[in-house]
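Number of protein chains: 2
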Amino acid sequence: MTGSIRLLPLLLFVSLGNGGPAVAKEGRRWTVEDVVTVPADFDLSLANDGKSLAYLERRADLEKNETVSILHLLDLRSRVSREILRAPSAEQLRPLPKGKGWSLLLDRGVGLQLYALDAEGTIKPLLGRDAKVTVGQTEGGLFAVRSGAPRRIGILYHDWSPDGLWLWYATLKPRSEPVDVSVDDAVVGQRNRRRAPVKAIVELRLRSAIGEEWLVASRPSSDRLAFYFGGNVEWTEEGPRYQLEQSDAERTEGIGTFAWSFATKASRPIEESFGFPAIGLLRGPNGGTLASEGFGSALALTETRTDGRKIRYGGQPYYIGDPRSAGNWLSADGRTALLGVRTLSHPRYGLVMLTSRRAKPLIHSSSLTACDFRKDLAWGICVEEGLNQAPHLVQVAPHDGRVQTLAPLSSAHESIAPLHVTPHQWTNRLGYRSTGFIIWPRDYQASSRYPAIIITHGSDADERFASADMQWNYPAQLFAERGYLVILMNDPSARQQADLWNAYMEWSGGPGTLGPAKLRELIWLNGVYSFEDAIAELTSEGIVDPDRIGIAGYSRGSQMVNVAMTQSDILRAASSGDGNYLEPASYSDPKDGYHAVFGGPPSGNYLDAYRQLSPSLRADKACGPILQQMASPFAGAIDFYAALREAKVPAQISLYPGETTATDETHLFHIPSNRLRAMRENLAWFDFWLRDRRDPELDDRGAFDRWSKMAKQWKPGCTRALGAERR
Amino acid sequence: MTGSIRLLPLLLFVSLGNGGPAVAKEGRRWTVEDVVTVPADFDLSLANDGKSLAYLERRADLEKNETVSILHLLDLRSRVSREILRAPSAEQLRPLPKGKGWSLLLDRGVGLQLYALDAEGTIKPLLGRDAKVTVGQTEGGLFAVRSGAPRRIGILYHDWSPDGLWLWYATLKPRSEPVDVSVDDAVVGQRNRRRAPVKAIVELRLRSAIGEEWLVASRPSSDRLAFYFGGNVEWTEEGPRYQLEQSDAERTEGIGTFAWSFATKASRPIEESFGFPAIGLLRGPNGGTLASEGFGSALALTETRTDGRKIRYGGQPYYIGDPRSAGNWLSADGRTALLGVRTLSHPRYGLVMLTSRRAKPLIHSSSLTACDFRKDLAWGICVEEGLNQAPHLVQVAPHDGRVQTLAPLSSAHESIAPLHVTPHQWTNRLGYRSTGFIIWPRDYQASSRYPAIIITHGSDADERFASADMQWNYPAQLFAERGYLVILMNDPSARQQADLWNAYMEWSGGPGTLGPAKLRELIWLNGVYSFEDAIAELTSEGIVDPDRIGIAGYSRGSQMVNVAMTQSDILRAASSGDGNYLEPASYSDPKDGYHAVFGGPPSGNYLDAYRQLSPSLRADKACGPILQQMASPFAGAIDFYAALREAKVPAQISLYPGETTATDETHLFHIPSNRLRAMRENLAWFDFWLRDRRDPELDDRGAFDRWSKMAKQWKPGCTRALGAERR
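Residue numbers (our numbering), protein chains in the order written: chain A, -6 to 720; chain B, -6 to 720.
Next comes chain A alone, as it looks inside the complex (with noise of 0.2 Å):
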C-alpha cells in the first residue's frame, strides 16, 4: 500500500482489532435466515396532529416465500406499534391533507389500488381502477426498473392537492401494439430480449372532491416522468403543474412542463427542457437549488439562486442528493431546509440543516436512512441503523442535534450478539482511496492469518444493516461468524478527484477525450489495484493468509470480480452475482458505454481491445475458480462460464428461477427460498475452496463431487495458485 493521501486504516483497526472482545455484547450467533428476514425500504408518515406514525417495511416471509409490504401503527405516546397489515406490495403512504389519516396504494388481491388508513388502523378502498397491465419480468408483463414479484396495477401513482380538495393520479391501460417490420437500430435493441416488449399507456388524471374526473394526459409507458413519477406533480394556486417526457421523431429527449388550470379544465404548456428530468431538484432557504460540487478536499455545498448568485456554505465532508439518504424537506416558511447527506469517509447517511447560510450537519456514528418531519422542521422521525446495529426508530430534533431512540424496528435481529465491525480506507498504488469496512471473524485472534472475503458493489458498503444494496447473496456476518476477515470494499469513489469523475461521465455518456485505454484503466484497473493492495496490507500485518482470498460481488461488483479473477493472480474463490457487462455478448444493450470502453464492437480491430478487459476472452488467465450466480440467464455470464470450462477452470453457472418458468427473479433477489439457497451457495462455494470443507448444510449433495472432479483437472495457469494442489 503506497500513496500519500493515506488516513487512519491501520493505525485504526489495529487499536480495535485488539479491543474487539471488549465491545463483543452478549447474544446469539447470525444465522442465514437473519439476513433474509432484515427489514429494508421504510417509508415513514406522521401524522397530521404528530400523535402517530404510520409506516411501510419490505421484509422477507418465510411461510409464504415471498418479500412483502407491512403495514404499522406507532402510538408516539405509548410508543406501542401495531402491524395492521401484509400485501406483497405497499408504498406512496401519505398523510391525508384533512384528517388525522393517511392514503397508500395496497395490493390486496385485485391490483395496486388506492385505500385510507385512519389513525386506529382501519383501511378502506379509496379509489380502484380496473388492473389490466401486469408490471414486472414476466411474459405478458410491462418491464419496470424495480424488484419484487410481477403484480398487477389499478393505480400508479397518487398526491393530495394541498388543500386536499383534488386527488391526482396514474392508471395504466394496456395498448395493444401493431405489429410491422422493424429496421436496423430497431432490431438491434431487440439483441438481448428475453419476451416479447409489452406496452401500455400511463393516463395521468385528476379527481375532484366530489368524484368529478378529467383526463389530464394520456402518455406511453416509456415516458418515464408520467410512468415512473406520476408526472412530478407540484400544486400551485391556478392548479397542478407536471412534467412529461417528450421523446419522438423530432425532439429525442424534450421535457415538457405544463400547466393544467382549475379554472379553463385545461393544460397549457409552460416551459421545454432537455436532458433527462432532475427529479428533486433540491431547493435551498435562499430559494436557489442547492449542489454539492467539488472533489476530496475542496467538496462543497453551494446554492444557486434564480439571479446566478451563488451562497457557499463551505466545505463538507459530505455531498446531498444520493438516493440512499434519508430524503430532503423545505420548512412550510421556505426558511430551513434539511437534507439527507451521506459522508465520504467512513460511508454513512446523516442531515444537514441548512438556514440561511449556516449548515449544520446532524451526523452520527451510524446512519439515519429514512425520516419524516414535521412541516416546521421542529422534530421528526427516523429509522437509524449500522452495520453493527439493527434499524430501529428514533426521533430527531434537527435544531440542536438530538437524536432518541423510541423503539426497535426487529427485535429479532437486536438480540443477535454484534460482531465486530471497523471502518477503512485504503490507498492503491495510484493514489486512489477506497472506503470501507472489516467485520472481523466473531473469535478474532491476532496471533492467526484468516482467509478472508472481499465483497464489492459500487459505494453501497456504508452503515446499513446487513443490506442487501450492498451484500447481495453473499452472507457477510455468516463468513465472519465461520472464521473469515470479511472486506467490505467500494470502488474507489468519483468525488475524490476530477479524472475519475471524468471517467464514469465518460462511461455513461459514450467515448470522450480520456478514451477506451484510459477508461479501462481508471474504472477496472484501479479497483483491482486496490483490492490486491489492501490485501498485500493485510497480509504484511500478518492478519489475512494470502492463500485464501476470496472475492464477490453482484452487479457492478460483478464486473470487478470478473476482471479481479482475469488479471490478478492473488484470488483463490470468486462468486459473481448476476452479471454479464463487459462481454462480447453484451454487446448493443448500452452500446455508448461500450464503444467508450473498447472502441468499438467486438469486431475488426476492436476484438484486441476486449481481448484485453472480457472476462470470457481472458478465462484462461483465471487463477480461481468462479461461481456465477444469476437471475436470468445473460449470454455474457454463460460464455465466461462456458470459456472457463473450457479452460478446465473450476466454476459453476446457477440460475435462480422465477415464481414460475415464464418469470426471473429480479436482480435483487425478492423470494426468500432463493436468497436463503444462494447464501447457502456461497458459504459451501467458499469453505470449499478456501477452506477445503464440505459444507453439510449445503442442499445440492451432488455438488462436491462436481467440484472435486474439476479441482483435479484443473492446472492454473497462474504463479501463485496453489489452492488446487492442496486437493
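If you're looking for bench data, these hints aren't it; they were derived computationally from the structure.
All values reported here derive from a predicted model rather than from experimental measurement.
A hint or two may mislead.
Said to hold, decoys possible - Here are the simulated lysine-lysine pairs, DSS-like style, with alpha carbons at most 27 Å apart:
no.	chain 1	residue 1	chain 2	residue 2
1	B	LYS125	B	LYS192
2	A	LYS368	A	LYS353
3	B	LYS258	B	LYS91
4	B	LYS44	A	LYS125
5	B	LYS641	A	LYS702
6	A	LYS702	A	LYS641
7	A	LYS702	A	LYS614
8	B	LYS705	A	LYS584
9	B	LYS702	A	LYS584
10	A	LYS614	B	LYS708
11	A	LYS641	A	LYS584
12	B	LYS584	A	LYS705
13	B	LYS614	A	LYS584
14	B	LYS641	B	LYS708
15	B	LYS192	B	LYS303
16	B	LYS91	A	LYS584
17	A	LYS641	B	LYS584
18	B	LYS125	B	LYS93
19	A	LYS584	B	LYS641
20	B	LYS44	A	LYS708
Since the structure of chain A is already known, use the hints to place chain B on it.
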C-alpha cells in the same frame, strides 16, 4: 472453372440459351403474388374403391393474410375437383379402413381435432379432445419444428388398425413445470432462449370401435417419437407395437419398442436400441432393409436382409430416402416396393420400382413430389411439377412407366408464360461439383451481359415449382422478369465423395479426424469457390456482367452468403435470410458443431479460428452491401449487422413480425404479407445496388435515402468493389 470431371454445363446452356425464345409459351408474366400463392405440401389419399382422390394443399390466402390448408375431392371418372374446405390446419388425411371415406385432423376453431370426410364431401367430427396446449413460436406455446401460425392441439396424431376396429391417437396435456435452480449445462441451454420453455405430456391412447379407451403411454413432449410420430405405431395381429424415446438420467438416447396386447390390455417391452430412431426405414421386396450406399458413380441401391445377406440392385444416379421425394410404398403382398428417389445430376424427384432383384426407375424431366398408390401398386396418383411446370395431378402406372395428366392444381399458375430454365453442373477449382439451374432473363439476348443473382440453399435447387424451400423470399422468377440471370446453385453434394460426406458427419457429430481447418474449407470455402468459378465461367462466356453479381440465401444459404461476402471479392450485393450460424454469439446452441468448426468456444486460442470464418469478425472485409431479413432477432445476425455498419459497409437488418408481438414469424415465412414485402424488399435491394434503380414498388420510401447515405459513406476495402463509386 477447372477440373477434369466437368459435365455438360456450357455446351448445354449455350445451345438452349440460343433456343430460348423458341420454347417460351404465350402467357402473362410472373408477379410476387404468384410466388406467394403457389400451392405446396400436397397430401394425397386415394379412396378405397379407387373412384376418388382426396387431397390437401397449403397455400397463401391473400385476403385473410394467412397460409391455409385446403381440402379437395377429385372424382377420378369425371375428373371434376371440388374444394371442400379451408382451415388454418389440416393434415393426416387417411382412408378409413372400412367404407369409402377418409379421416383427417382439422382445426375448425376448437383446436386440431379428428374428423371424417365422406365420398360426398361431407365433414363430420369423429373425436375431440380438450385443446389446452398451444404449439408454436409464441409465448406460452410449446415449441415444435414446423412452420405456420401457433395452433391449439386437441388430437395430435391418429392411425387406424388395418381392420378399422381400433383407433390409435395422441393428445397433449399441459404439464405444470416445477421451478427450480438450474446449474451449468441447464443454464447454458438457455443462452439463446427467447421465451419460457413450455412442456406438455403426450398421451398415446387406444380406442375401440365401441368407444372403450386405454391410456397406452404418457410421455413428456421431449420424446420425439411420441410427439412428432405418435409413437411410430405398427399394427400386428396381437396388437399395436409402438416406439418411445427413453432419455432419462441413466439412458440418454435409448429407444424402446413396446407391444400392447388386445388380449391383456397392457404393454410389454420388446426391444431396446440406441441412437436416433430410424423413422421410415425402407423395406425391400426381399424382406430386407433398403439403402443407397457409395459415392458419385459408385452410388448403388442395396437391400440388406435379416440374415445379413446383401442384394445389390446395381449403380443408379439417384438415391432413396430423401424426405422431399414422393414417398415409399410396399405392395400388399410385400413383393414390390415403390420408392421415391432424387437424382444426382439435374436434381429432381422420381420413383423406382423394385421387384425381386430388379430396379425399374420412373424418372422424367420434371418431378413427382407427392403420390398415393393402390395397395397392389397397379396405379396411383401423383403431383408432377418442375421449375417450369406448375403442379398438376397425373396418373402413374409404375409397371409400364406410363404417366398421364389428370388435372391442373393451380390454373392461375398455368397462365404464366414459362421462363427459360436450364439445368447445370459446375465443377470448381478443387474438383467438387455443384448442381443447379439457370433461370434466364425473360428476353435474353446473347449480345448483352446481364446482372446475375446466385440463390443458394443447401440442396434445395431442384425441379419443383417456385419452391419456398429453395427460393424463400427471393423471387427468382421476378428477378428473371426484370432482366437478371438467376443461378440456383446447390452446395457441392456430399454424395459425390467420401471426404465431403465425412466433413458433414463431423460437423453434425462433433470434432473428428478431419479437424476444424479442413472442415471450414470443405463445407464453406469450397462453396465459395463454386460461386467464384461459376461466375468466372459465365463472365468468360460473355453472359454476365462481373460488376453486377449478387447473392441470396436463407438458413444454410445465409451461412454461404455471409461467408462468401466476407471471403470473396466478386459479389456486389447480398441478401441473407434468417441466419446466425458461425457467429460467436450463436455459440453453445449447437455446441458440438461449433467445436468441430472452430475447435472450441470463441475465447482464448480458438478466437483466431473464429476470425477466419465468423462473418461479424470479418465485416471490414465485406465487398458489398448486405441485407438480412429475419424471422427472429438472432443476436448473431444483429452482431453481423452492427459490425458491417461499424465498418461503414452498407447493411440493413429487417425483422418480420409474427401474428402478435409475442409470436415470431417462422423460419419459412408463413404470413403472406411478410412474404410479399420481403420479396419486394429483395427486388428493390438488388435493383438499387446492382442496377442503380429506385424501385417504385417498394413500400418503405425512406429506404432509398438510407441506402444512398450508406453508399456515400462507404469506402470499399476490397480491390474490385466499384459499385459505390458509380453512385
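Evaluated hints:
Simply put, LYS125 (chain B) and LYS192 (chain B) have alpha-carbon atoms about 12 Å apart, close enough for the 27 Å limit, and the pair holds. Proximity of LYS368 (chain A) to LYS353 (chain A) is assessed by CA-CA distance (about 19 Å); at most 27 Å being required, the pair is judged to hold. About 24 Å separates the Cα atoms of LYS258 (chain B) and LYS91 (chain B), which keeps this hinted pair within 27 Å; it holds. Taken as a hint, the LYS44 (chain B) and LYS125 (chain A) pair is broken in the structure, with Cα atoms around 57 Å apart against an allowance of 27 Å.
For the proposed pair LYS641 (chain B) and LYS702 (chain A), the alpha carbon gap of about 48 Å is over 27 Å, so the pair is violated. Simply put, LYS702 (chain A) and LYS641 (chain A) have alpha-carbon atoms about 10 Å apart, close enough for the 27 Å limit, and the pair holds. Distance check on the hinted pair: LYS702 (chain A) and LYS614 (chain A) sit about 20 Å apart at the alpha-carbon level, within 27 Å; holds. Proposed proximity of LYS705 (chain B) and LYS584 (chain A) is supported: the alpha carbons are some 24 Å apart, at most 27 Å.
The hinted pair formed by LYS702 (chain B) and LYS584 (chain A) meets the criterion: a straight-line CA distance of about 22 Å does not exceed 27 Å. Straight-line distance between C-alpha atoms of LYS614 (chain A) and LYS708 (chain B) comes to about 38 Å, which puts the hinted pair past the 27 Å bound. Between LYS641 (chain A) and LYS584 (chain A), the direct Cα distance comes to roughly 31 Å. Violation of the 27 Å bound is thereby established for this hinted pair. Among the hinted pairs, LYS584 (chain B) with LYS705 (chain A) is consistent with the structure: their alpha-carbon atoms are about 24 Å apart, no more than 27 Å.
Proposed proximity of LYS614 (chain B) and LYS584 (chain A) is supported: the alpha carbons are some 23 Å apart, at most 27 Å. This hinted pair checks out: LYS641 (chain B) and LYS708 (chain B) have alpha carbons roughly 7 Å apart, not beyond 27 Å. Only pairs whose Cα atoms come within 27 Å are accepted, and LYS192 (chain B) paired with LYS303 (chain B) is rejected, the gap being roughly 44 Å. Restraint check for LYS91 (chain B) and LYS584 (chain A): the C-alpha separation of about 66 Å exceeds 27 Å, so the hint is violated.
Of the pairs offered as hints, the one joining LYS641 (chain A) and LYS584 (chain B) holds, with about 17 Å between alpha carbons and a cut-off of 27 Å not exceeded. A threshold of 27 Å between alpha carbons decides the hint, and for LYS125 (chain B) with LYS93 (chain B) the separation of about 33 Å lies outside it, so the pair is violated. At roughly 17 Å between alpha-carbon atoms, LYS584 (chain A) and LYS641 (chain B) fall within 27 Å of each other, so this suggested pair holds. Between LYS44 (chain B) and LYS708 (chain A) the CA atoms are separated by roughly 75 Å; this puts the pair beyond 27 Å, and the hint is violated.
Of the numbered hints given earlier, the model fails hints 4, 5, 10, 11, 15, 16, 18 and 20; all others are met.
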